[in-house]
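In order, the protein sequence lines correspond to chains A and R. Oh and the first sequence: position 70 is 70 in my numbering, straight run, nothing missing. Oh and the second sequence: position 195 is 288 in my numbering, straight run, nothing missing.
None of these hints come from the bench; they were simulated from the model. Just so it is clear, the structure is predicted and the values come from calculations on it, not from any experiment. Take these hints with a grain of salt, some might be off.
A short, non-exhaustive set of chain R residues, derived as facing chain A with CB atoms under 10 Å [stated by the list, open to error]:
| no. | residue |
| --- | --- |
| 1 | Gly170 |
| 2 | Ser176 |
| 3 | Ser177 |
| 4 | Glu180 |
| 5 | Thr218 |
| 6 | Asp254 |
| 7 | Phe257 |
Using N, Cα and C, we set each Cβ at its ideal position, and we do this for glycine too.
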Amino acid sequence: MNEQKYLNLALAQMHTGQWFGWKKDYTGDVRMAYENIILNDDTATMPSEAEVNAKIQQIKDAETNAATKKASGKQKLKDLGLDDDEIQALIGV
Amino acid sequence: MAIDKITTPAVTDDSVTAAKINNDIISGTTALTSEPADTDEFLVSDAGTLKRIDYSLIKGGGITVADQWRVSADFTGAASPISSNLERVDTSGQGTIGSAMTVSSGVFTFPATGIYKIEFISQFTINDNTRYYINYIESSRNNGSSWTQISENASYIQQTDSNFTPQSLYTCSLFDCADTSNHKVRFRVLPVNTNTTTYGNTAHNETFFTFIRLGDT
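Kindly produce the complete structure, drawing on both the sequences and the hints.
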């Protein structure tokens, strides 16, 4: 995912529903940027840029952690004596 | 005695055959350089009998409306209907035919009556499993006072690599719009896991709707 998609996903993960959108007459190079966020929902509040960045980092960390756990889990199975083909058959990696 | 003029009595009914007509009878005449008027006439052999037919009766067949809209931002959970962040496709290279659909609060109005093919494609993701995610196309015959489901499709996500896993879903219906004031459509998504995010994007199509007018109602 590129940075725009991370931003889009992070915002969507902060609240349910179509609470945000993008300015039609946007500023900057791309429309999908923090400076162009608009609120569709009166009950929603604009998150700070720091809050949004923290959410993006949380998503990225989850992806990294998943990859790390996958590698460590595979290694533990190897340590138990399973070979690569057995591990592949068992967990698909 | 040379004959330099054929008088009417000399040509009896049905006596001029195809063999007597020069091959330039069409190519030798002035070209019509624009679409014929509806009342312009063509010659046709109707089971062997020569008749004329108006252009209005034989023209047509082309697509007069082809339009596409998309969701321009991600959202999480259900949407009934998808009512915000709807934009007509406008990225360089994308194109449409004819007048545009219009939308208000997620309710789409057709630019002309006709039989339409309506396609709804959504792309969605979750960092988990979701047993089902359903796309609905709904239609109204009374300008939105009541809605009828005309198409439904479901899919699911079984998480891969313990991470955000995308999926996409297609549903489609033909729709008879005989009255543009009252015959409308809208789109819904229903994920059983409300943490499911439906993708939307301003730069390209991820979750989008296509409307193609196939012919008259």
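Each hint, compared with the structure:
The restraint placing Gly170/R at the interface with chain A holds, with a minimum CB-CB distance near 4 Å, inside the 10 Å limit. A least Cβ separation of about 7 Å between Ser176/R and chain A falls short of the 10 Å threshold, and the interface hint therefore holds. With a cut of 10 Å, the hint placing Ser177/R at the interface with chain A holds, because the nearest CB-to-CB distance is about 4 Å. Contact between Glu180/R and chain A, as hinted, is supported at the beta carbon level, the nearest pair being about 8 Å apart and thus within 10 Å.
Checking Thr218/R against chain A: minimum C-beta separation of about 7 Å stays under 10 Å; hint holds. Annotation: Asp254/R was flagged as interfacial toward chain A, and the flag holds, the nearest CB pair being 6 Å apart, inside 10 Å. Interface restraint check for Phe257/R: the shortest CB-CB distance to chain A comes to about 7 Å, inside 10 Å, so the restraint holds.
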